[in-house]
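A.B. asks: Below, each chain spelled out in residue letters.
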Amino acid sequence: MNPIFPHFLHGGDYNPDQWLDRPDILEEDVRMMRKAHVNAVSIGIFSWSRLEPEEGVFDFGWLDEVIRRLTDNGIQIVLATPSGARPAWMAQKYPEVLRCGPDFQRMHYGDRHNHCPTSPIYREKVRAIDSALAKRYAKHPGVILWHIGNEFGGECRCPLCTKAFRDWLRNKYGTLDALNKRWWTDFWSHRITAWDQIEPPSPKGDQCNPAVKVDWRRFVSSQVRSFIEMERDAVKAYNADLPVTTNLMNRFWDYDYFDLAKAIDVVSWDSYPAWHGEDDLQTAAEFAMNHDLMRSLKRKPFLLIESTPSLVNWKDTNKLKRPGMHMLSSMQAIAHGSQSVMMFQWRKGRGGAEAFHGAVVSHDGRDDTRVFRDVEAVGKALQHMTPVLSEDTQAKACLLFDWENRWAIDFAEMGRRYAMHYFDTCVRYYRPLWEKGVSVDLRDMSEDTDLSGYSFVIAPMLFMQRNGIAEKLRSYVEQGGTLLVTYLSGLVNEDDLTFLGDAPHGLTDVLGLRAEELDTLYPGETNTLLLDNGKRVPLSRYCELPEDVAAQAVGTYGEDFYAGRPCLTVHAYGKGRAWYLAAEPADEEAMRTVMARVTDEIALPHALPDALPQGVIATARGATVFVQNYTKEERSVCLTDQWRDLITGEEKQGSAVLPPYGVWVLQKEA
Amino acid sequence: MNPIFPHFLHGGDYNPDQWLDRPDILEEDVRMMRKAHVNAVSIGIFSWSRLEPEEGVFDFGWLDEVIRRLTDNGIQIVLATPSGARPAWMAQKYPEVLRCGPDFQRMHYGDRHNHCPTSPIYREKVRAIDSALAKRYAKHPGVILWHIGNEFGGECRCPLCTKAFRDWLRNKYGTLDALNKRWWTDFWSHRITAWDQIEPPSPKGDQCNPAVKVDWRRFVSSQVRSFIEMERDAVKAYNADLPVTTNLMNRFWDYDYFDLAKAIDVVSWDSYPAWHGEDDLQTAAEFAMNHDLMRSLKRKPFLLIESTPSLVNWKDTNKLKRPGMHMLSSMQAIAHGSQSVMMFQWRKGRGGAEAFHGAVVSHDGRDDTRVFRDVEAVGKALQHMTPVLSEDTQAKACLLFDWENRWAIDFAEMGRRYAMHYFDTCVRYYRPLWEKGVSVDLRDMSEDTDLSGYSFVIAPMLFMQRNGIAEKLRSYVEQGGTLLVTYLSGLVNEDDLTFLGDAPHGLTDVLGLRAEELDTLYPGETNTLLLDNGKRVPLSRYCELPEDVAAQAVGTYGEDFYAGRPCLTVHAYGKGRAWYLAAEPADEEAMRTVMARVTDEIALPHALPDALPQGVIATARGATVFVQNYTKEERSVCLTDQWRDLITGEEKQGSAVLPPYGVWVLQKEA
Amino acid sequence: MNPIFPHFLHGGDYNPDQWLDRPDILEEDVRMMRKAHVNAVSIGIFSWSRLEPEEGVFDFGWLDEVIRRLTDNGIQIVLATPSGARPAWMAQKYPEVLRCGPDFQRMHYGDRHNHCPTSPIYREKVRAIDSALAKRYAKHPGVILWHIGNEFGGECRCPLCTKAFRDWLRNKYGTLDALNKRWWTDFWSHRITAWDQIEPPSPKGDQCNPAVKVDWRRFVSSQVRSFIEMERDAVKAYNADLPVTTNLMNRFWDYDYFDLAKAIDVVSWDSYPAWHGEDDLQTAAEFAMNHDLMRSLKRKPFLLIESTPSLVNWKDTNKLKRPGMHMLSSMQAIAHGSQSVMMFQWRKGRGGAEAFHGAVVSHDGRDDTRVFRDVEAVGKALQHMTPVLSEDTQAKACLLFDWENRWAIDFAEMGRRYAMHYFDTCVRYYRPLWEKGVSVDLRDMSEDTDLSGYSFVIAPMLFMQRNGIAEKLRSYVEQGGTLLVTYLSGLVNEDDLTFLGDAPHGLTDVLGLRAEELDTLYPGETNTLLLDNGKRVPLSRYCELPEDVAAQAVGTYGEDFYAGRPCLTVHAYGKGRAWYLAAEPADEEAMRTVMARVTDEIALPHALPDALPQGVIATARGATVFVQNYTKEERSVCLTDQWRDLITGEEKQGSAVLPPYGVWVLQKEA
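Residue numbers (my numbering), protein chains in the order written: chain A, 902 to 1571; chain B, 902 to 1571; chain C, 902 to 1571.
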């Protein structure tokens, strides 16, 4: 696959508009950027009140100068549209650009990321400024990417959004009869007899119907997609070839990123792991999955567009990155498919909420700090890594991760109600594979998901089955694939209505069993899974009770009234095999044991043939292998083959020492 | 006492209106009900939008058919009025039917149980639909009971309710002078000089006066009683003989159930214990007391009208009932006076908030599940238990439990502020008696409470003394009764004004002491009660300091500056004895020790003469004794007399094994 | 310094207006006050609805009589203005007197301390009632002090306050250009282009800019100061010599008390320590600092104007004072400079929120209770202590404690965000000095703070440097002072904008280092400080990383990647020495060790020359020494000199036993 850009981008968010009265600092910035091997910066993200100081009056002079100064020095521009925050005059004159909250009350002006996505006036104002920007800069050779808005999130319950929601529903359901049936409104007497009886779900009104809440999320997600498309079209009108991104976020719940990604050319995201907490390996696993998710959204390389060179300022405890960690976490992103290491922020501002957020340049203005040197080192390393640019991740394992299922699970009134932890559960299945150097794609249940190339598909908590997924999974197994299905699967259809008949819907013959009851354990309560290899695995949270089991019982329950019943099963179907895990392993070691049992028989490619010490992870990107030490101790690694580390140029073979938080980027010697 | 119905009711909530497009399922329901020995179902609880799809247009066709199908098959009807939730069209056209919240803002349409109890329009609409239902069905021979609304709860702060509150106050107090004096409004300068200055207490306005908050609760309770009476009168107009119930709830705080029960003919309630948590015996004790409370409300048999055959879906952790538990918990209800085992719900719906709530029939539509068989077994058992129907509980012990006192305690600014735990404290006094097989009535402080028949009266935390109660307790002791009074007693009068003079008000000579100070212990802090029998009892939460003690000190404080002072005393007064417990025993064992010491000398009837192993409880209903095993282990029970178990027909005498969660329903062999 | 009054005041809040229909009780009050040695009471605090029952109609008759009765019996009057709560009629007629909340919504009538401080109508109404009171009573010989309102607190976001805030900003900044620059509004595009775009910060609007939030606090504080001044001027118009106070509170955050104190003649405060919890010594330390803070506000004696004789009723757990504690805590106030022991409340009312708050006289009306006797004993002791009246605290140590810095720290987005604990940190530095009998003043960063008289100045977390403080501290060291600066210092200027250049701003040469990075530790995480005297001190929360250290390293970090780097340093500068503590000692013992190392070489006067046992604290007020036992055990104290205890008249020399919670007030024998 072609790389997005011919080199790795290195740089970050840059806010010269905060320093227009300090030309000395703006000059100094360029000097220091060059020293730090910065080759690209994101600008203009929150510049609207400088670009349009009063309605219809534009001022691009300062931006012309900023762009000139940067590009003259070989620094390329990621140019933002300023829709993430609006000038005060706009909110004052047109209150409809602001959101209404869950209580349907209009918010006042302030903060950011809080515009109404529906407001025609806001769309018109955004289109105007975007067009003006594009007209002026879209063909500038130093501008390489559009950055649409910033960290889209949230929702609005204003009258305009309410009306748009009704229109969206009318378009989806056609008739109120259909809507009433598919929303199951006979429950609690909620039949709708006129479209304008419908309102967004809210703690001030209706919260009782999960199906409505899922539809509201779909609507919100589609409304924001349409907003981004509006911006995309505005800027593309002046240069259709200049690619467009918007910066996504991790663990993000509000919108369906698989769908949203269709509106942009390049996926980029903001990665802020909380390193050096209780379990760096868990943090690394979660962020590895996040990177893989971002790569999977468009099945293309992505950009790490924000990260911190040192610390953030918005967590409960804001801790410094230890020596080595900036390089390690930057390389992790590259390992999973990033084409960049971009940071927030180049220079700390003097005021506002993020004056103390980590930056390449701090308030002391120095270029001799620990942080500056760490950034410089990454910049330099990236210059040696151009051969990695065209390498792509080749995953034979796939994790089904689906936003609609996620919402449905989070709204489900059952089990550990409102604490179902779908995302964390997916990380738990991901981690043992990642630890073994197995590359994983993440795919959702949409039509364009093709499973045929995978050797192993995991579908944790497949609570909602979107249309066609049961058939797709069945066919996948039939053709020879290995599938793992868990408790809490196949319970509701795409309308969030329960299926009638045995569960998991459409898969009972593939799995060779049906699931009759779901037992939920109290916090602290456990059961045991007794495996056929003699291992005992602690279980927690959920224990489903299979019946009519035709499958082979690979493990059984050890306790309670269902002791002895199958808990882990495998069933041959067609050319493939379908596993079923009825209960939740209680901890990471338990999960490792179960996944080892399941994957034993599948030929999954590993990044390295060598056994690695605890805390050292190998990740392959094509022929390049990233060996990462997530511990604070040295680790001795024994390499069979002969490799070269692209960062240092050193050869690595036999026993070699990886320092604390150390990383090697290895390619085989020719 | 005559039973309500000539047999035990067995069945539950049935929602055919969710399946009108599936006649096959409606037919199947009847077949399966018969298989499960169901003889009664509650219908129409949330059917308003089906019964009156548009304003003034009624559709009873489907209900005619449902009732015909059921009654043709020998299944009787508990017919609901649909006031628990209203159609969307009504909220849209008449917003006043919706409530205003604690912030005085009108809620939007949604959810349920949230109508304004004052709104004339809502009352008119409810009266109309109730009348139409009654006109059509009140004389139908298969209809055996009216089910008014559903789980009444909550309150409204709309202008209509505010005005009604003012009227209620004017009626109660007559003049503002009287109100100002009895509300003690000179505190913080709150004198009221016009009736329309008064508003419901609210976090947006006034929260400072406990007396106002108690009055607000009385008003809210009476307003809901009047609403229920309005519905009762509407349906009784068509058949005065058809009894009326409404389903109550456990631990319910909002309304005075002793008062509310006056509006209905039959008490029924929804019982949802969280079995299989940390301490099933504590759960069983609390629900035993709940059942006794329900029986005590009208001093008549009651109905268990909702319970789950398996699990619920609305708790944080929703756990399955273990094998045996459905029978055991159903029999517990019968043991304490229920005439029914009804369940929520017959069949799980496909959508809405309760699609995953336990049901007799799950989404798989099967009648061969564990749950179905458990339900079938209870249905069959009830058929063998008709002799129990006319048996009544005969209690010689009485626990004073009073809603007005409860509210007053919860609003009291003192002690463990806002964490006084009156209800839980009552359970703590109840449990040792229940464990010993002693039947207990619960009575409140209203005028119609007659204590003369009891051997033992416990009055925990008699903080507020309603008018006449001190005299009643004095006379009770004088006539030979044994009374137990605790710390925190006799402090405020019915106006929530403190008494002047020594505490406990009106009882110091009966008790032979006065209480000078109340010490509150920090969480985790303890003291000790040294009993005259040598036992040491740990104390927590409250330690009151008695002075001028003429009573006999049965136990003294072991620690702190009041070490050596009386803590448990008894005083002969008239023909009786008055106990006083100055402090709170710290745990269940401590409570058992204290209660054993107090009840040693009182002749209280026990359900069985035999000593029972830990976790096994005997409860008498007349001559029938329910022996219940609340542990997950077998228990060996030794029975002196010769009994027969009505469920199995087996004889029981000598040593017999009660299985885990097992229950026997024993009657003596003739 | 001259005492405020010629004797110690003893008495408390008295509410005869709640008992006007009980003349017997009013008579009894006077008798009991005399018995309890009460010589002053505060009256009229919440009497507005009695004084002005309808608009413009005043009723002073009852107050005339109350004052006559008291003063006839030698009891002096602290006369309150009633602005702390208003009559219901006023709120009904003029809703603007009520506040708007953080959501900009108007509150309803109720509770207290919740007027709009801006409302012209409220100011007019207050001025009218104050003038009427002053006209009638300001020259009454028995009236000795004005008590303005009560416990001022909170804020209002109504349109009037919003406008006043804009005016205040316009006055401060002059132009929007200046405001935009100093508020750094280019961050998130928040440039203000019209004054009426500005609103108070709020969760419904803007919360992102710490500088705006600090300005809002300054405005709120100044608005309340102006309100108090308005009241002061109203009453002083009738007798300029009658002094004015208002009762302040501990840990109070809302307003800058150093500034507010300028509006009043005498500082008084309400002290409610939670005794007998986990650590009485910590409680005592915090309240010792509170007393010192109150003395420092005007650098004058102050009044303890509220305290409880037994317990309060508004904490989560309301515990009795143990025997001795009322005397001990009363004497602690005197030890730190109080001229009074006043209590809330004289007599418990029968209703309202505080009916169960501790009082000299309880609902039983007795004067033979433990509490009454404790109060009597304090009253008697005070009569023997007149020689102490003219003694002043002589402090050579000073703790910088600044409200603007406090707000800036609390709003800072960094470190342990929103949990920075500035006040508690100050207590931690205060406690080791207090334990050693060292007197401490508290001063803020305002212009009139003069440090020249101190031997030791501690400036914990000097995050915001108000104008001139760096120069003042530099000059203080230069002249020979010893200064201790900590991590998190010199980061922002008075505008809450970060300084540019090395930190701590303006002090790097004085300290001989610069601070490059701030590491924040997770809860439970620690590091170690290795002192040059061999001691190991555990560290937590914050570890700052010094660079370019010219200072002497007195201690170094023991762990993590900065192990070996300086953590505690001292630097000679001019004639003085500047210490720098880069990290937070983890517990009290750690803090003691560090402070001992720092103060070793400074000549600080101690209250007693003798070593004292654990939990016994000596505090000097001039030549009088208060020896206080904060433990529940007897403590044996060895006194070198010959003393006399003013309370008992006993001589104390050599070994003497201080009972649990005992106190001696010692003066040297002539």
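These are calculated hints, taken from the structure and not from any lab test. A quick note: this is a predicted structure, and the numbers were derived from the prediction, not measured. Please note: incorrect hints may appear among the correct ones.
No copy is singled out in the list; a pair is fine if it fits within one copy or between any two copies.
Calculated cross-link-like contacts (lysine to any residue; reagent style SDA-like; alpha-carbon spacing at most 25 Å) [to be verified]:
1. K1064 x Q1006
2. K1137 x R1493
3. K994 x A1079
4. K1216 x T1326
A.B. asks: Against each hint, give a clear statement of whether it holds in the structure.
C.D. replies: Verification of the hints:
Taking CA atoms no more than 25 Å apart as the test, K1064 paired with Q1006 passes in both settings, with 16 Å inside one copy and 22 Å between copies. With identical chains, the CA atoms of K1137 and R1493 are never at most 25 Å apart, being 48 Å at best within one copy and 66 Å at best between copies. In this homomeric assembly, K994 and A1079 come within 25 Å of each other (Cα to Cα) only across copies, at 23 Å, whereas the closest approach inside a single copy is 41 Å. In this assembly of identical chains, the alpha carbons of K1216 and T1326 lie at most 25 Å apart whether taken from the same copy (23 Å) or from different copies (21 Å).
In the structure shown, a violation is registered for the earlier hint numbered 2 alone.
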